[in-house]
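Chemist: From just these sequences and the hints, can you work out the full model?
Taken in sequence, the protein lines are chains A and B. For reference, each letter of the first sequence is one residue, going 15 to 342 in this note's numbering. For reference, each letter of the second sequence is one residue, going 15 to 342 in this note's numbering.
Check each hint, because a few of them may be wrong.
Note that the list lumps identical chains together, so a pair holds whenever it fits in one copy or between two copies.
In silico DSS-like links for lysine-lysine, alpha-carbon gap of 30 angstroms or less [unchecked claim]: (1) Lys75 x Lys209; (2) Lys325 x Lys170; (3) Lys75 x Lys214; (4) Lys31 x Lys244; (5) Lys170 x Lys31; (6) Lys244 x Lys170; (7) Lys16 x Lys249; (8) Lys283 x Lys272.
FYI, nobody ran anything at the bench for these hints, they're computed from the structure. Because the structure is a prediction, the values reported are computed rather than measured.
There are 2 protein chains.
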Amino acid sequence: MKIILVGFGFIGRSFVKALREKNSAIREAFPDFKLIGVSDIDGYLLDENGLDLEILSKIRKVYEYPGKLVQGSSVELIEKSGADALIEATPTNIANGEPGLSHILKALELGMHVVTSNKGPFVVAFRKIMDLAERSGVNVMYEATVGGAIPIFSLKRWCLRGVEIRRIRGILNGTTNYILSKMHFDEVGFENALKEAREKGLAEADPSYDVDGIDAGCKVVILANSILGKNITIKDVEMKGIRGISLEEVIEAKRNGKAIKLIAEIGEKFQVKPEAIPLNSPFCVHGSLNVIHLETDLAGDLMLIGHGAGKETAAAMLNDLLSLPAPR
Amino acid sequence: MKIILVGFGFIGRSFVKALREKNSAIREAFPDFKLIGVSDIDGYLLDENGLDLEILSKIRKVYEYPGKLVQGSSVELIEKSGADALIEATPTNIANGEPGLSHILKALELGMHVVTSNKGPFVVAFRKIMDLAERSGVNVMYEATVGGAIPIFSLKRWCLRGVEIRRIRGILNGTTNYILSKMHFDEVGFENALKEAREKGLAEADPSYDVDGIDAGCKVVILANSILGKNITIKDVEMKGIRGISLEEVIEAKRNGKAIKLIAEIGEKFQVKPEAIPLNSPFCVHGSLNVIHLETDLAGDLMLIGHGAGKETAAAMLNDLLSLPAPR
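Modeler: Given below as structure tokens:
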């Protein structure tokens with residue numbers, strides 16, 4: 015199994031560290047496992063004999079890898095590599111899914127499996143990607159796109175065989191949950207809570223993608239299409255973020271034994287909106303935790319709680335990688 | 015895929031109903047699927063062409079099935095059936111695992127896969143069963159033995175590949191959780207809460223298996239052996255039940271924002287004991303719900319909440335069945 019990694023930001027580097035840490039487990043599944051290529055915006059590294067995971071797990075840019083940088087694009091790496099699988103970890107872009115969408119389509123065309131953490135391509139072109147993967151006879155795995163380390167797609171596929179999931183509710187954005195928890199417990203206003211989230215690296219300079227509910231909306235699209243078999247896009251999701259939530263509302267909810275949370279709903283409705291949730295409900299998770307509640311027919315209600323972002327996301331990508339069929 | 019069902023109590027009958035309801039999903043996996051035999055204490059039914067699921071899902075004893083009863087043992091059914099898989103759903107017996115242990119060993123010897131809800135055999139002979147299954151080249155699946163509809167063993171196997179689970183904590187017995195929740199919310203004493211659990215069919219005439227922590231202790235054994243790779247028996251589990259919990263203690267905990275729960279721990283220690291848990295922790299689930307908390311290396315902390323018993327358990331057995339390889 016020869017793989018290449020496109021995107022060497024936080025998620026890409028966390029994945030490399032996981033590959034290094036879990037080398038023996040990976041070699042059990044794929045005895046000839048090698049990471050043969052890595053790219054970022056500065057160019058790519060390619061070595062048929064495998065790159066050094068020890069070195070890669072210490073650097074932050076591909077040009078820091080000694081004596082290997084090729085000044086070419088990620089698409090060039092994908093074409094030249096002859097890899098069995100692409101790990102796509104570039105940032106999400108929901109306007110047109112790029113550059114992730116082109117990377118994924120190119121890899122699928124070439125008969126490579128794809129494992130990705132990138133929501134963009136699935137928000138703009140879910141069916142197109144799935145159809146191409148099927149025609150090419152390869153797998154496209156995207157566990158890391160929703161709920162971070164919470165294994166929702168693999169749970170549906172391998173742990174709930176024969177069970178119908180009817181409705182999903184979740185807290186799917188760690189940044190807004192951190193901000194709302196901060197407002198609730200420390201009784202500070204939205205702007206102050208946002209400032210602290212920024213200082214902790216939990217919010218971007220432009221926080222609108224998180225705080226306006228767009229990130230959670232993207233996850234609604236992927237869950238609806240993947241788990242409920244719908245064919246929706248972000249335009250079908252009603253989204254209301256947390257920017258308008260005042261400290262007074264938060265304190266009023268608290269007085270009633272509740273906390274305001276940004277709730278995603280996937281079922282009859284496709285929406286993201288703030289709701290007051292009873293504090294003693296297991297669904298009411300705080301900090302940057304995520305929760306996913308499944309309403310099923312045969313298994314009743316199931317709830318999963320875990321890290322919605324951060325280095326733990328690499329666990330989801332590792333499970334996806336280890337679920338791929340070994341190359342012949 | 016020809017299967018037989020041994021044990022026609024609540025779980026066995028719930029499983030038959032699931033087979034009927036999910037017939038098309040099952041036929042997708044196994045086009046020639048048939049339930050060819052069912053047994054209980056009164057004898058067995060055997061029909062190579064398949065028994066009628068419609069009839070079976072309406073009766074409560076195998077002798078009510080028209081014109082088919084054979085007065086023979088379950089072992090005789092297993093031997094005569096030529097089935098591909100045994101579904102074992104007789105009651106748990108932790109003294110010697112019987113009669114389930116003999117059923118399972120016989121089936122494995124004959125090269126049948128096994129799917130079971132019966133804890134007894136795994137508490138007394140976990141390694142023996144696993145070794146025999148491996149020698150016979152068949153699968154033995156026991157998702158329904160722990161946490162009811164919560165898919166813990168399949169999660170570990172198919173959703174956390176490469177991830178190490180270091181420690182497990184859980185509320186694993188629905189009966190005691192119902193009793194403790196009743197004491198907490200209605201402020202009634204242990205005996206009254208137990209009486210109500212009995213009336214709801216949640217506790218046996220002899221409730222000691224549940225209230226003394228033995229049922230949860232059995233689950234500790236299975237989780238330790240299966241997930242942490244240990245080789246322990248019930249003697250290695252320190253067990254303290256809830257019989258000694260007074261209403262005063264429950265109310266005192268409540269005053270401190272906590273609830274007393276019967277907590278199972280699998281890690282450095284193997285134990286079951288009552289503990290006061292903060293009410294606003296998602297781990298503090300009430301009623302007959304179960305919760306399983308996993309401490310992992312790569313994926314961080316994960317928590318699963320679901321129905322620990324009842325008809326939902328059939329979902330776990332169905333997933334086990336659908337995970338079996340199709341007969342050649």
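Chemist: Would you mind marking each hint as holding or not holding in the structure?
Modeler: Results for each hint:
no. : hint            : in the structure
1   : Lys75 x Lys209  : within (28 angstroms within a copy, 66 angstroms between copies)
2   : Lys325 x Lys170 : both (23 angstroms within a copy, 19 angstroms between copies)
3   : Lys75 x Lys214  : within (22 angstroms within a copy, 62 angstroms between copies)
4   : Lys31 x Lys244  : between (35 angstroms within a copy, 28 angstroms between copies)
5   : Lys170 x Lys31  : both (27 angstroms within a copy, 21 angstroms between copies)
6   : Lys244 x Lys170 : both (15 angstroms within a copy, 28 angstroms between copies)
7   : Lys16 x Lys249  : neither (38 angstroms within a copy, 48 angstroms between copies)
8   : Lys283 x Lys272 : within (23 angstroms within a copy, 36 angstroms between copies)
Hint violations for this structure: number 7 only, all remaining hints satisfied.
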